[in-house]
Amino acid sequence: AQKITQTQPGMFVQEKEAVTLDCTYDTSDQSYGLFWYKQPSSGEMIFLIYQGSYDEQNATEGRYSLNFQKARKSANLVISASQLGDSAMYFCAMREGRNTGNQFYFGTGTSLTVIP
Amino acid sequence: GAVVSQHPSWVICKSGTSVKIECRSLDFQATTMFWYRQFPKQSLMLMATSNEGSKATYEQGVEKDKFLINHASLTLSTLTVTSAHPEDSSFYICSLRRVNEQFFGPGTRLTVL
Numbered sequence: 001a002q003k004i005t006q007t008q009p010g011m012f013v014q015e016k017e018a019v020t021l022d023c024t025y026d027t028s029d030q031s032y033g034l035f036w037y038k039q040p041s042s043g044e045m046i047f048l049i050y051q052g053s054y055d056e057q058n059a060t061e062g063r064y065s066l067n068f069q070k071a072r073k074s075a076n077l078v079i080s081a082s083q084l085g086d087s088a089m090y091f092c093a094m095r096e097g098r099n100t101g102n103q104f105y106f107g108t109g110t111s112l113t114v115i116p
Numbered sequence: 001g002a003v004v005s006q007h008p009s010w011v012i013c014k015s016g017t018s019v020k021i022e023c024r025s026l027d028f029q030a031t032t033m034f035w036y037r038q039f040p041k042q043s044l045m046l047m048a049t050s051n052e053g054s055k056a057t058y059e060q061g062v063e064k065d066k067f068l069i070n071h072a073s074l075t076l077s078t079l080t081v082t083s084a085h086p087e088d089s090s091f092y093i094c095s096l097r098r099v100n101e102q103f104f105g106p107g108t109r110l111t112v113l
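Top to bottom, those sequences are chains A and B. If you read the first sequence in the working numbering, its first letter stands for residue 1, the second for the next number, and so on. If you read the second sequence in the working numbering, its first letter stands for residue 1, the second for the next number, and so on.
Just so you know, the hints here were simulated from the structure itself, not pulled from any lab data. Treat the numbers as computed from the prediction; the structure is a model and nothing was measured. Backbone N, C-alpha and C define an ideal beta-carbon position, used for all residues, glycine too. Don't take every hint at face value.
[Said to hold, decoys possible] Think about it this way: if two alpha-carbon atoms lie no more than 25 Å apart in a straight line, the pair counts; the simulated SDA-like pairs of lysine to any residue are:
(1) LYS3/A to LYS14/B
(2) LYS55/B to LYS41/B
(3) LYS14/B to GLN30/A
(4) LYS16/A to TYR54/A
(5) LYS20/B to SER42/A
(6) LYS41/B to SER42/A
(7) LYS41/B to GLN30/A
(8) LYS14/B to PRO106/B
[Stated by the list, open to error] Okay, the calculated bits of chain B under chain A, using three or more residues with CB under 8 Å as the criterion:
(9) 85 to 95
(10) 99 to 105
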C-alpha cells in the first residue's frame with residue numbers, strides 16, 4: 001500500500017483565493033511526522049510545514065496551514081491568499097518513528113498553478 | 001541559511017564516465033544521510049541511506065555497484081555514478097534529518113550524453 005497518497009496531479013487556483021491540497025497517509029506507527037514541501041522549477045525542496053502525530057493543534061506557518069485529521073489519516077495543506085509565486089509542485093511526506101535513520105516517504109505530488 | 005549543500009549543482013558527462021556528487025551538512029553532524037533521485041514530473045525516490053562509517057543501505061532495485069556511496073565523515077557523503085548511461089540522467093538530491101526537521105540539498109542535475 002502507498003504510504004502517502006496525493007490524488008490531485010494538478011490544481012488551479014485564482015490569485016488571492018485559498019486552495020487545499022489533499023494528502024492521505026498510511027501507517028501503523030503511533031509516532032510519525034507529516035511534512036509538506038514546495039518544489040519550484042529550480043528543483044529545490046522548500047520546507048513549508050510540519051505536523052507531529054501527537055500534536056493536538058493543526059500546524060500553521062504564515063499562509064500555510066495543515067488540516068490534520070488523525071482518524072481519517074489525512075493531512076491536507078491549505079494555502080490562503082494564493083500568490084503567483086506559489087505556482088510549483090507540492091509534496092506531502094511522512095516519516096515514521098523516532099529513529100534518526102527512518103526514511104521519508106513522499107507522495108506523487110500536486111502541481112499547483114496560480115492564475116492571475 | 002542553507003543547512004545542506006550539494007556540489008556540483010549540474011553536470012554533463014559522456015556515457016561511460018563516472019560522476020561524483022558531494023553532499024555536505026553545513027550546520028550539524030549527520031550520522032545518516034539519504035540520497036534521492038527524481039525524474040522529470042515525478043516524485044523523489046529514495047535510492048539509499050548513507051551511514052557514517054559503515055556501508056550504505058540500498059533500496060530494492062538500486063544497483064549498489066553502480067551508485068557508490070561513501071559517508072566518510074559526519075558532514076560529507078558522496079554519491080558516485082559509475083559508468084554513467086543516458087538513463088542515469090536525473091535530478092539527485094541528498095537529505096538529512098535533525099530531530100523533527102528534514103533538510104534537502106539543492107540537488108544535482110545530471111545529464112549523460
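Outcome of the hint check:
1. Taking the CA atoms of LYS3/A and LYS14/B, the gap is near 37 Å; set against the 25 Å cutoff, the hint is violated.
2. Proximity of LYS55/B to LYS41/B is assessed by CA-CA distance (about 31 Å); at most 25 Å being required, the pair is judged violated.
3. Between LYS14/B and GLN30/A the alpha-carbon distance is near 48 Å, which puts this suggested pair outside the 25 Å criterion.
4. Under the criterion of a C-alpha separation no larger than 25 Å, the hint pairing LYS16/A with TYR54/A is inconsistent with the structure, at around 32 Å.
5. With a CA separation close to 21 Å, the supplied pair LYS20/B and SER42/A stays within the 25 Å bound.
6. A distance of roughly 13 Å separates the Cα atoms of LYS41/B and SER42/A; the hinted pair therefore holds under the 25 Å criterion.
7. Taking the CA atoms of LYS41/B and GLN30/A, the gap is about 32 Å. The hint is violated against a cut of 25 Å.
8. For the hint pairing LYS14/B with PRO106/B, the CA-to-CA distance comes to about 23 Å; that is within 25 Å, so the pair holds.
9. Counting residues of the segment 85 to 95 of chain B whose C-beta sits closer than 8 Å to any C-beta of chain A gives 3, which meets the bar of three, so the coverage hint holds.
10. Only residues whose C-beta sits within less than 8 Å of a C-beta in chain A count toward coverage, and the segment 99 to 105 of chain B has 5 of them, enough to reach three; the restraint holds.
Violation of the numbered hints given earlier is confined to hints 1, 2, 3, 4 and 7; the remaining hints are satisfied by the structure.
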